[in-house]
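Protein chains: 2
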Amino acid sequence: MNKPNRHIFVCTSSRPTGQQKGMCLNKEGVSVMMKFMEEIGERDLGGDVAITNTGCFGLCEQGPIVVVYPDNVWYKKVSADDVEEIMDKHIEGGEPVTRLLI
Amino acid sequence: MNKPNRHIFVCTSSRPTGQQKGMCLNKEGVSVMMKFMEEIGERDLGGDVAITNTGCFGLCEQGPIVVVYPDNVWYKKVSADDVEEIMDKHIEGGEPVTRLLI
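Quick note, the sequences are listed as chains A and B, same order. Read in order, the letters of the first sequence are residues 1 to 102 in the working numbering. Read in order, the letters of the second sequence are residues 1 to 102 in the working numbering.
The list cannot tell twin chains apart, which means a pair is met if one copy fits it or any two copies do.
SDA-like cross-link-like pairs, simulated, lysine to any residue; straight-line CA separation at most 20 Å:
#  : residue 1 : residue 2
1  : LYS77     : LEU101
2  : LYS76     : MET1
3  : LYS77     : ASN2
4  : LYS3      : ASP71
5  : LYS3      : VAL73
6  : LYS77     : MET37
7  : LYS3      : CYS60
8  : LYS3      : LYS77
9  : LYS3      : TYR69
10 : LYS77     : GLU61
11 : LYS89     : LEU101
12 : LYS77     : MET1
13 : LYS3      : GLY58
14 : LYS89     : VAL73
15 : LYS89     : GLU42
16 : LYS3      : VAL68
17 : LYS3      : LYS76
18 : LYS3      : ASN72
19 : LYS3      : LEU59
20 : LYS3      : PRO70
21 : LYS89     : TRP74
22 : LYS89     : GLY41
23 : LYS3      : VAL97
In short, the hints are calculated from the structure, not lab data. Every value quoted in this text rests on a predicted model; they were computed, and no experiment measured them.
Modelling step: build the complete structure from the supplied sequences, incorporating the hints.
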């Protein structure tokens, strides 16, 4: 397999059992996930940038949480409207979006 | 927050909608997740090593999938019995377990 150069993880509050507990989900974690998928597709970055939904990162009050590896950059309170900026500045430009950093 | 030095992601087939589709789940992804949590606790590594369950990585035939960042190391067909070796050699020892690499 070709490993991604960047891997975006988006909390959608999925518990291992399938039950969903809430905060990032309620705060539109799924919309954030879908917007990232759309942007990755439109920019034809599918080979370089992976995206995966996750369970809880333990920072629920600051959700929706987005984590980017290998950078180890953690974003808080991400909305679907923030996704283009993260894609432009960070994923394509290499500089984290400071206003959203945890 | 203190960022983890290593972050272990375990596929438990959790879809963003909460529905679980299957393969890593059926192949004991949840047991793998639980075993990692137990080992991290017993070794008192909770501050350094994070663990998060995920949705599908798109490599279902090779599941359960475990991904370790920032190393960008991808493991296939991981069972609960493999977890101690991954913890010993890779997470604590710094060397990936080659027999499980994708």
